[in-house]
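Asker: Sequences listed follow chains D and P, in order.
The opening position of the first sequence corresponds to residue 5 in the working numbering, with each subsequent residue numbered one higher.
The opening position of the second sequence corresponds to residue 103 in the working numbering, with each subsequent residue numbered one higher.
No lab work stands behind these hints, which were simulated from the structure alone.
Any given hint could be a false lead.
Going by beta-carbon spacing under 10 Å, a handful of chain P positions derived as facing chain D [said to hold, decoys possible]:
1. G129
2. P245
3. V460
Listed next, with one range per pair, are the computed distances between beta-carbon atoms [said to hold, decoys possible]:
4. L197/P <-> S53/D: 42 to 50 Å
5. G201/P <-> S50/D: 19 to 27 Å
6. V416/P <-> E41/D: 23 to 31 Å
7. L197/P <-> E48/D: 19 to 27 Å
8. L197/P <-> E41/D: 41 to 49 Å
C-beta: ideal position from N, C-alpha, C; glycine also.
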Amino acid sequence: MKREQGAARGLAQRMGIPGPMGGAHMELNGNREAVVEGCGGILEYSEESVRVRTGKLAVRFVGRGLRIKCLAADSLVVEGFFTGIEFLW
Amino acid sequence: MLAGLARWLLGSVTFSVFPQGGRRGAGERFFSLAARSGASLWGVRRRGEAFSASVRAGQYAGLRAPARRAGVRLRVSRRNGLPFWLRACRRRKGLVAGGALAAALLLWMPSCIWSVNVAGVSGPQAQELLAQAELLGLFPGVPRGDIDPDLLQQSLMRRYPDAGWISVNTRGSVATITLSERVETPPVKESGRYYNVKAARAGQVVSIHATEGEAAVSPGDAVAEGQLLISGVWEDVYGASHLSHAAGEVLARTQRTAEAEVPLRQTIREPTGETVERRSLRVFSLQFPLTAVPAPQEGYSCTARVETLSFGGVSLPVSLYIERWEGFQEREVVLTEEEAAAQAWREIQAQTDAWEGVELLRAEERAAVQGGVYRLQVQYTGLENIAVESEIFTGGGDEMTGDSNVG
């Protein structure tokens with residue numbers, strides 16, 4: 005299984021298709037909304053900081069008035085005023 | 103918006119999450135476990151140590167296991183959506199029945215005509231037109247599908263031959279009958295048709311003024327009814343006959359007689375002063391009595407009026423129907439000759455008023471009482487235009503046929 009995923013990632017890199025970092029796909033709408041697909045859960049949630057697990061990585065959104073708009077099994081939408089995004093190993 | 107509608111249709115539960123024992127990260131862990139268990143959450147907020155979120159109504163029960171594992175306590179703060187609304191309605195059967203009835207009424211009402219208006223005429227004429235329309239099937243409450251405006255229009259036109267035009271238009275639940283008066287157009291001189299002028303009545307010609315054609319009589323001549331007055335046939339200096347449309351005015355002194363008969367013994371109605379008023383409310387095509395008084399049988403005459411409510415110039419299907427019954431008693435009276443003469447003269451006056459274009463010059467009256475009846479005969483001498491056009495029929499070419507008085 006892991007070999008197949010590795011082969012797929014290699015093929016995507018050779019074709020110039022950006023692969024998901026840490027197994028997650030993230031879309032940003034300005035600094036107001038972030039859609040994270042492939043997230044593994046919420047690690048921290050407050051109005052100033054939202055930290056989510058994305059495979060081996062953790063992504064931390066820092067800002068003001070942050071809130072989780074939607075939360076499903078492997079995706080979430082965070083909205084608010086982002087002042088920074090950190091990738092944590 | 104679509105998501106909001108779906109959430110409302112499926113129902114949603116807004117709940118609060120309280121971490122137990124002040125455990126840090128219990129709320130975040132609960133949301134992660136809940137999302138992993140398949141629940142779709144939205145509106146996740148944090149208020150101090152507590153959280154709140156919303157979930158589909160059907161998924162709320164599945165949140166108990168993640169809550170237990172994460173060590174949090176859940177409390178429902180609000181239930182929203184159709185399933186909860188229907189559940190609440192189950193206890194209020196009257197409300198549901200009322201809503202269903204209202205919905206049915208709203209669906210049914212636009213399919214009927216609820217107001218019939220008349221434009222172009224007013225007062226009794228409008229009431230008569232409405233009554234005729236009702237006889238033809240157009241009345242408040244009739245289904246719109248049962249109305250054929252074209253057919254109705256034609257039927258009304260047949261009943262009002264003097265009307266210039268009658269149109270029936272339906273707009274929504276309002277039907278409007280528009281009556282246009284006929285506009286009299288001046289007579290058009292038709293080419294290819296020839297006329298003589300004849301006497302409409304017997305009399306003595308006072309003056310003759312022929313605008314076309316040749317005068318066949320002179321002032322002072324006595325003429326009989328139908329006699330040629332102005333000829334449409336004339337001869338030129340070479341003796342050739344020509345046809346024309348004769349026209350003109352012939353003033354003549356004529357005799358007219360008016361008669362009236364008045365029985366001296368008459369039965370008259372005298373009001374007793376008793377009145378009965380009955381009111382009823384008409385809503386759509388239903389009538390609700392407002393007074394519990396029965397309709398009088400004999401010895402009463404009835405007048406009725408309808409007061410229709412209107413809004414913005416459109417008559418509403420709500421009206422007040424008022425009947426006024428006035429009692430009377432019949433009494434036999436014997437008129438004096440003077441009273442009978444006054445009554446007879448009123449009748450004579452009504453007859454002479456109907457004579458149009460007659461200038462009355464002299465009147466000779468003869469009155470007599472015979473067999474209990476007062477008879478009055480008045481012979482009038484008047485001055486009037488007796489000229490009337492009569493067509494000359496020609497049967498091909500210049501040969502004349504018909505009309506024997508062509509000189």
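Asker: List in ascending order the numbers of the hints, as given earlier, that are violated by the structure.
Answerer: Of the numbered hints given earlier, those the structure breaks are 2, 3, 5, 6, 7, listed in rising order.
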